[in-house]
Structure formats: C-alpha cells, structure tokens
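Student: As a plain string of letters, each chain reads:
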Amino acid sequence: MKTFSLGGVHPADNKISCDAAIENFPIPETAYISMSQHLGAPAEPIVAVGDKVKVGQLIANASGFISAPVHSSVSGTVKAIDTIKDLAGNPCKAVVITVEGDEWVDTIDRSDAIVKEIKLDSKEIIAKIQECGVVGLGGATFPTNVKLSPPPGKKAEFLIINAAECEPYLTSDYRVLVEMPEQVLIGASIMMKALNVTQGFIGIEENKPKAIEILNKYASAYPQIKVVVLKKKYPQGGEKQLIDAVVGRRVPSKGLPIDTGAVVQNVGTALAVYEAVQKNKPLFEGILTVTGQCSNVQKNYKHRVGTPISKIIEVTGGIPENAAKVISGGPMMGKAMANLDAPTLKGSSSVLYLTEDQTKRKEESNCIRCGKCVSACPMGLEPYLLNKLSKVARWDDAEAHFIYDCIECGCCQFTCPAYIPLLDSIRFGKAKVMGIMRSRPKK
Amino acid sequence: MKKLLVSPSPHIHGKENTRNLMRDVIIALLPAVAVSIYYFGFSAIKLVLVGVISCMLVEFLIQKFLLKGKCTICDYSAALTGVLLALNLPPNSPWWLMVIGAIVAIGVAKMTFGGLGQNLFNPALVGRVFLLVSFPVLMTDWTAPASFFGASLDAASGATPLALVKEAVAAGTPVSEIFAQNPSLSYSQLLFARVGSAGEVSAIALLLGFVYLLVRRVIKPHITLSIWATVFVFSGILWLCNPDQFTDPIFNLLTGGMLLGSIFMATDYVTSPMSEKGMIIFGVGIGVITILIREFGAYPEGISFAILIMNATVPLINMYVKPKRFAKEAK
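Chains as they are written, first to last, in this note's numbering: chain A, 1 to 443; chain B, 1001 to 1331.
So that you can see chain B by itself, here it is in the shape it has in the complex:
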C-alpha cells in the first residue's frame, strides 16, 4: 500500500523562506550597487565581488572545519553581509581590507555566536567599525578612483559632507558660510551623488531599495521611520537653537550612512526587536545616539556606533516590550 505522510497541522506553508528574504534584501541593494559601479567603475565591482566571495568563503570554512555543521552559505545571508560591508567601505579600498572586514564580520561577529540568527550585533557593522578603528586613514580616504564610464563626483575632494562641516565648525566657521562656500552640499547633490562610502553615493538609489523592501513586505517601516523622525526632530531642535553651530535636519537625514544604516542595517532581523513597539524604541535610540555623536562626539558620523549600541539593548527590549495581546484577563 502507498505510504502517506502523517504530521500535525498546519499542513501547508507560506511562500516565504529565509533564502528568499535575504535575496530580496540583496535585490533592494542593487540600485545602490549600480550607482556605485557607475561612479567608481571597476573598483566598485571588485569591492562587491571580493566582499561577497570572502564572506561566503569564511562562513563555509568555519562551518566545515570548526563547527563541522551543515553548510549554510546557500541561504544568501553571508552574501548579503558581503554586499553590505562592501557598500560601507570607501570605494577605493584595497581588496585585503575587504577580506579582513569579512573575517571579522562573519568569523567574529556571526559564527562565534553560532551562525545565522544567533548574533547579537550586526555582522557587517562590526566589520566596518573594526576596520574604522584599526585602519582610520584607509577608512576615511574618500579620493574617488577613476571610473570606466567617465562619470565623476563633483566634489571628489576627499572629505564627506559631514566631515567637511564638522571640521569647519570646529574651526569656527558658521554653518551658513560653509554651505555657501561648498556647492557640493546642496540638497540636489546630496540626493543624487556625493562623496562617501561605496553605497552612500546616491540617496535616491537607497530610497528605491527601501520602497522595494516595503512592497515585498520584507521589513516593516517602523524602525526606519522612527530613526528618521527622531533625527529630524532632535537635530531640528539643535538647529533652531543655534543655526551657526548645528546643521539643519534635512542635511542630517541625507548625509553619511543615515540612509544605508536606517534602511538596511538597523532593520536586520536578527539584531532588531520583534514587536512593533520595540522597533520604535530601538529606532528612537538609534536616532538620538547618532545625532549626539555627530554633533558632540569626535567622529563626524555616528550611525554605525548608534546601531551597534542599540543592538546590545535588543534582548532587553524583547524581554520588556511585549506585543499587544488579543485577550484581556477576565474580570
């Protein structure tokens, strides 16, 4: 007689799986990758390829020889970390910098905790921050390499907008004067092309990715929007208090790793809270810490640190912030 399966309900499953979700995030990053290739040409292609390959390789080797577990590189999560890390580096970074980043991101930040789903901190960000403190010169060398396509950034001068403003403010120049002297700080420049890491060049490309993630229901908007709202309000208050020392809120939203971080890094499933309320608390925390670092700290940009700090609070948030319950206790 024919053998039949017997198992408890439910007997069907939805279409979503880990692999498709990770693939969707990579697809959402493609516009940013494309813009990066347009401006930086071969360097960008090299960076992304080295990132993806080295991350997958590190995970493969650790699974095979250290953990002796199931091979998990086919779930695209290591590839995603590779793309994200590549987009977080200056476009002319040498290949070995990327490989060191991959070893730290996958080897230390992910596999040490037990692999996918177990890590406390976002692997790509740990990799980036490790490189930033270990190779501060290389990691802030924004000289744009020559592109295949002849496209170049107007202000390939070697300073990101945030760094530019930070230095000038420290030297005592009022903010309005800095903006007048630097046409590269206009909103149109900030939206389409500006100096920064490989993935931050175009705000529009990143926003496109955000829309894709929302439409495909890969992420909920809560974390990203609460970061934006917090940054807008907090930096807006500072700006209103002293427009000579502080930059305006729109500038803060469009510069640095704000979009890449708030759309793609803070929303990482593994290292963000489960409930919607928790997501909002998490987002507000990131927004506040980012502006504190930007305006009062030593670094021009702080969203990487802000996300990592808030990553550490996620277990606490998950423990104390509970989803809305359907049923109330009977009286």
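Next comes chain A alone, as it looks inside the complex:
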C-alpha cells in the first residue's frame, strides 16, 4: 500500500461521527458573513446597510488576484457592515444580515438531478469557479481558480483529489464521498478539463472501506480517474505528502506542487466546483462535523456560511460538561476557539470538543534526545534542534537547518515523550526566518 516516504505518526482514528448522515443545520436569525474567508486580501463589500439580499447573491468582490468574492448565504436585510471578531478573537470585516425567509437567486439550479455533461471550456470553467467564490476547503482556503491556473512556464500533468482526511475525528469529507460520490467525480472531471490534463487520482486512506467501495463503483464510469488507497498514517493528507504517496514525486524546497506537475484539490472543493459549474451555485454552504468523545451529539451538518458557532453549540445542547477545548478543524492542525460567537466560514470543517484529559498540555521535562521527533518529521527536519535554535533566536542557523520546510503538521510535538511544545517555538522561528528571507534583495 502506498504512503509518503518519511516520518509520520499514528494518532487514534476517533471517527466517531462517521455514520451520521449529513443534515441541514437550521438557518440562523442573523448571519455574520466574514470578508476574510480565504487566503489573500479580504473581499470588498458591494452592498449597503438596508439592502435586501437573496441566498446566493454576490455581496462582496474579490480585491486582488489572490482573493475571492463572497456571496450571501441567507436572504434578508443587510443590518450592518461591521468589524467582528473571528475564531481567534482577531478583528475582521463582516456583512451582518438579518434573515427573512429563505429566498434564493433564481439562477441557482436547486434540483437534485445530477448534471454530468460538462458544457463549459477550460477558460469558462476557471472564470465560473472564480465568480462563485470557490476556495480550497482542505484547510488553507486558497482560491481554487488560482490553483487551476498554473503560472507561465509550469504545466499541470495530473489532478489529485485529497480524500485522505488524515486528521482524527473529522468526517465531513467522508460523508460527502459516501453520499455524493458522483458529484465529487464530476467535480474532479471539471477541474481536469480546466487544467487540460487527462489523468486524475483520488487519494484515500485505508480506514474508509465504505467510501473506497462506493468510489470504486462510481469511478468505473470515469476511466481517467484512479482511486488510490493509502496507508493510514498522519499527515497522509498533507499536500506534499499526498503527492509523494500517490505519484512518488517530491515537491522541491520552497517550491509549489505544480513543480511536480500536480494540482491537489480537496473533496469538499471538488463538490463546490461541481455545484458552481454545473448548478450555478456559489460557495455559501459547507459540511461541518460536530464531534468529540464528550460531545452531546455526533453530527455532520450542512451549514450556511456565517452561522455563529455559538448557535451550533446551542442547537446541539450547549458546551458538553467535560469539554475543555473547542476546536475548529482537526486535533492536529485545527485552531482552538477563543471566541465562540465567531461565524462559520467557507472552510469550517468541525466543532470538535476535547476533554482536559485529552488536550491539556502536560508539564514539560528535559529533552532526552531520543530522536523520536526526528523520526516523526515528514519533512526530514530536526525539530529538537529547530526548537533550541528558535528559542535562542539563532535565525541563520535555523535557516541553515531548513526551518522554512516545516509544514507545521505537529508530528514532533505529538510524539515528544518529554511533552516539549516543539511546534510553538518552531512555528515562531519559521515565521521569523521566512520574514528575513523575504526581506533579502532578490537576485
């Protein structure tokens, strides 16, 4: 079975919510639609207070090449264009809409019929994806149209759909694969047409036999797309690791996936692309898992972007008694929520509750130089050394030891028997070193 070349760890699966079918989450009374739902410049609102908006209506334009437009996820009246706090408590601009009914713009095809025929050509597809505000839903929320337009001189050779979902607990991609396999396959075909490539892969971890079976059944109608089963190992779904596992090519240091000929897109993104291109539906909904051993419920919800997280918590019975941390995303790379009133974003994938036992950091002790962090690092770095160099601000040495290669997957810290918070200092050091590198005059 295929897997990536170096390192990795084996956190417990904990896919407790995997059998919960996707349900529609109730539309909130007020939606807070953030202008910063993607990597890059925030979108520019084009509505004014008092305007009536419909579901799917454009409310903000992209404000640069790396940016994405934002659409309303609800119908109603614009109450305010305000600064709100995001998950971490940082300020961001948002359009606040008081919800009235659920009236959709009529260009959206709301039928259940699956549209297989791809009518648009490559350029039209990319334009449509941009127009619909589709961004990568695997975590980084990079605008999808940009990823589908390789820079001059680079040529895409194949598309890889990232169905690894290697983070413990998360099941949103899994549910999409089980319930909407054809939409994902058509979405992948659309992106292959946009990239003008004839080869596609779906990389999926072995711990999802049902999804693999369903995918294989439907994929037979798509001879250009191959389902590749991968070993269960974290971070199998890391972009660089996935390319290595599926086609055996390694993204060079400081390089991009396209340098290997690969374009990687997540399952959720494939679904969003399908809906945008075939159904004319902008990206304003997402699939989100509510889970955790201590969680009151195990659910997979389709939510309207802009729904306050506190609303989701309230509907599912409040914060569970034993919960000590609420995380957006997986337990390895997700973000701990500091502000539960923050709204969901396009890329929101979970509300994960962990207990104090599961998540509270234990007291750190001396490094015993066991080298487990070195063995676990999927980038072949020396986390123990980068930690020390970062702590004493030896940036030149940190750079000489390739700190900029770090993908912040957390394997080193996960595995450290002395409970040293390695990634805290490495993340800081990496940002510092990359800042220094960027400030150098280009040759």
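Over the 10 Å line for every Cβ pair with chain A, so calculated as not near, a few chain B residues:
1) ASN1092
2) THR1143
3) ALA1168
Where chain A lies over chain B, by a calculated footprint (3+ residues, C-beta under 8 Å):
4) 1009 to 1018
5) 1108 to 1117
6) 1319 to 1328
The list that follows gives simulated cross-link-like pairs (lysine-lysine, DSS-like), each with its CA atoms no further than 30 Å apart:
7) LYS362(A) with LYS1220(B)
8) LYS2(A) with LYS1324(B)
9) LYS335(A) with LYS1002(B)
10) LYS1324(B) with LYS154(A)
11) LYS1324(B) with LYS388(A)
12) LYS1220(B) with LYS391(A)
13) LYS388(A) with LYS1277(B)
14) LYS302(A) with LYS231(A)
15) LYS154(A) with LYS1328(B)
16) LYS1068(B) with LYS362(A)
17) LYS1328(B) with LYS391(A)
18) LYS1015(B) with LYS231(A)
19) LYS1003(B) with LYS360(A)
20) LYS391(A) with LYS1277(B)
21) LYS1322(B) with LYS232(A)
22) LYS1324(B) with LYS254(A)
23) LYS2(A) with LYS217(A)
24) LYS391(A) with LYS1015(B)
25) LYS1003(B) with LYS93(A)
Just so you know, these hints were derived from the structure itself, not from any lab. Glycine included, every Cβ here is placed at the ideal spot set by N, Cα and C.
Since chain A is already given, all that's left is putting chain B on it; use the hints.
Tutor: Here is chain B on its own, set in the frame of chain A:
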C-alpha cells in the same frame, strides 16, 4: 461562562512519555535480573535493590539540596541506571561498592551536567568504569556466591571466558586447545549461563529484552545491529588470519558485556546519535574499538570503554550527520 483552553496545535499528544519509555527498558531488563537471581539468589536481589535505591537517593538529594530543582526521580531514569549498574557488577560485590558506583554514576556523570538528557556519557558505564579502575580486584572477582535455589554455574572458577582466553593466549596456548580444555566455552554454555557480571550470565535473557524493546518501539535496531555486524566482520577477519591467536566471531558476540552493552547501554537515548545514519556510524565505532581492546589491549573486555569513547563523538555525529531531507532545493 465556562472557561476554555486555548493553545496552538497540535491539540492531542501520543501515549509515549519519558517515564513509560524508561519503565519499558527496566521491564526489558527483567529476564536478565531473573536469571541473575536464579543463579546468585540473595546476592543478586541485594545488588539490584541497593543499586536502584542508592541511585534514586543520590538524585533526590542532589535535586533537593544542591540544584534545588524539581524532583525528577519519578521518571524511572535513576532507577534504570541503578538496575544497569547492578547488572554490570560481579554478583558478589559488597553493597558499599554499589553505593560508590551510584554516587559516581548519578552524582558525577548525570547531575553535574544538569540531569536527565544533559549528560554526555552513559551514567551507568561511567560508574562501572570508575569502579573497575579504582577497585580492580573486587571488580574482577567472579567467584559465584551460593544461590538460594541451589543452581550454580559450571565454571564458577573465577575467570570470565574472555579473561580465560586472553590469559591462555598470552601464555602461548593456541585458541583451539583452550576451547578443548574448557567445556564452559561451548556455545550452549555461552548462550544460557556463563561466568560474568550479574547481568551477563544468560545471553538468551538479554536477547529477550532486545526483542521486547524492538516490539515496543522503545529503540531502533540500528545501533545494536551495526555493533554486532562490525564485531562479527572485524573479529572474523582477524580469526581467519590467525585462528590460533584470535577467537572466532560468534564467541566474540556472546561473551563479555557485548550483549548487555550493545542492547542496553549503547542504545541509551541521551548518549547516542539522533539520526539513523548517525546511529550506524556510532555502532560501527563501538564494534571496532571493542575488538581492538579485546584483541590488542590490556583489558580482556572493552565494550564499556568503546561505548564511552563513542559517547564523546555523539555531538559531532549529530552536527555532521543529518537525517534525510524530504525536499530537495529547487533547481
């Protein structure tokens, strides 16, 4: 409102911690301890207990009164040093010898550098070598004490196999004749029971511990296997050149502290390299130095010295031997 924790990722941790790892190494040593108790009875029990207690006590006292730091004896690392040091002494060593060893091992070799993880040299080995040069008679008195269980070693004569051969070769006896005269040098004797320090009696018990450490993924096999391979090849070449003067490679692998050292002492995390390549270099170095000392040096056994010498090279190895990097520089 309920207070929630907020910290950067990752939010979960694996099951491993320092304490469990140290405990696993102690568990891996239990077969050797059991064999030792079987043959030496109360003396072995006393030795191990005095070793563990004195090592933990020395660490506790230094932490409390000298460093005034956090008490660290609960991490089992001092206990492990105690067990290892006990297994490295002759089974009938007096208790005070063990205590002196503990003071040197923990007090000098470990705490002086700042405690767990900071020491350059393996504490138990420093303790053993200190005792060996300070009390050479006591440290080579292999007369087996009487056992509770009535078990006794066939050749409780007072010389280890390596010492026996070394002396005889020095006296001009060809190796083949030495083996013919001493049935205690047969492979079956070497595997199950032979004269030596408390922990070296049974090769099988030590190998069992090695398998346990590998299965539990406490250590990687690189260091141990590269030591074995080097010893086998190097002593094999010498043996082929002159079988009258040099012993065969299997004999070299099964005698002395070879197994105890290569499985439990050379693989000590703190004093061995981080990368797999580094581990192999480290192991090869230990193998070569051991055979050089055994065949050409004054001591019959050299693995303790070999490991300590290679311990000193670990910072250099870590600096120059880097792990394989995932990403190559872009062209």
